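Undergrad: Use the sequences and the hints to build the structure in full.
Counting from 1, position 77 in the sequence shown corresponds to residue 77 in the numbering used here; the numbering is continuous, with no gaps.
A portion of the hints provided could be inaccurate.
Unchecked claim - For each label pair, taking beta carbons as the anchor points, the in silico distance ranges come out as:
id, residue 1, residue 2, range
1, GLY113, LEU3, 33 to 41 Å
2, HIS56, TRP137, 16 to 24 Å
3, SER14, GLU114, 46 to 54 Å
4, ALA95, SER133, 21 to 29 Å
5, VAL28, ILE91, 17 to 25 Å
6, ASN141, ASP22, 41 to 49 Å
7, ALA134, LEU3, 33 to 41 Å
8, ALA19, GLU114, 41 to 49 Å
9, LEU177, SER107, 18 to 26 Å
Because the hints were derived from the structure by calculation, they are not lab data. For clarity, every value in this text was computed on a predicted model and none was experimentally measured. Glycine residues also receive a C-beta, built at the ideal position from the N, C-alpha and C atoms.
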Amino acid sequence: MRLSKPRIAPLSESDWDQAQRDLMQPFVAGGRVFNVFGTLIHHPDLLRRWLVFANHVLGKSTIKVREREVLILRTAKLVNSEYEWGQHVVIAREAGLEDREIRAIGSNGDGLGEPEKLLCDAADELISDKMLSADIWGRLNELFDTRQVMDIVFTVGQYTMLAMALNTFGVQLDEGLPRFER
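TA: So this is what it looks like as structure tokens:
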């Protein structure tokens, strides 16, 4: 974690007003609220509107779950978001990614097959150059349709933006989730 303690501590359920309770109802999993939601509920209007976009990227994207998780993990590593990494290692495993693939995504991508390596290269370029080169653009368009390429770009963008918030606010990793390998 970049910060050892939160700058904005998650609100506990006992501090929520009724509007916050209504908004958070879907995120109370077995009595547990992930720190990201406990933090963002400080600003209910922002959380409500962000969720529309986040729900598209996470649940309505045109790319496969496995491909999405490759992009999210690579982005998390590149932007130093241990919170995103920890949450999405679990999801990536459920999507069929093996631990050796997850380690490769978090390092240099060596040993990955296609399209995983190409997706890592796309995330690398989007984060470093804020656009895709003609080479990566062309290669993506050989494997994915236009909507899928758009979802690839927006997935990296969503998790880059979220990392800025998580890192700045000091959102701490939820208990039991994996950390970056050092």
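Undergrad: Each of the hints needs a verdict: does it hold here or not?
TA: Status of the hints after comparison with the structure:
1. GLY113 - LEU3: 33 to 41 Å: Holds, at about 36 Å.
2. HIS56 - TRP137: 16 to 24 Å: 22 Å, holds
3. SER14 - GLU114: 46 to 54 Å: Given range 46 to 54 Å: holds, Cβ gap about 50 Å.
4. ALA95 - SER133: 21 to 29 Å: The hinted range 21 to 29 Å holds for ALA95 and SER133, with Cβ atoms some 27 Å apart.
5. VAL28 - ILE91: 17 to 25 Å: 19 Å, holds
6. ASN141 - ASP22: 41 to 49 Å: Given a distance of about 43 Å, which is inside 41 to 49 Å, the answer is holds.
7. ALA134 - LEU3: 33 to 41 Å: Holds: the Cβ-Cβ distance is about 39 Å, inside 33 to 41 Å.
8. ALA19 - GLU114: 41 to 49 Å: 47 Å, holds
9. LEU177 - SER107: 18 to 26 Å: 20 Å, holds
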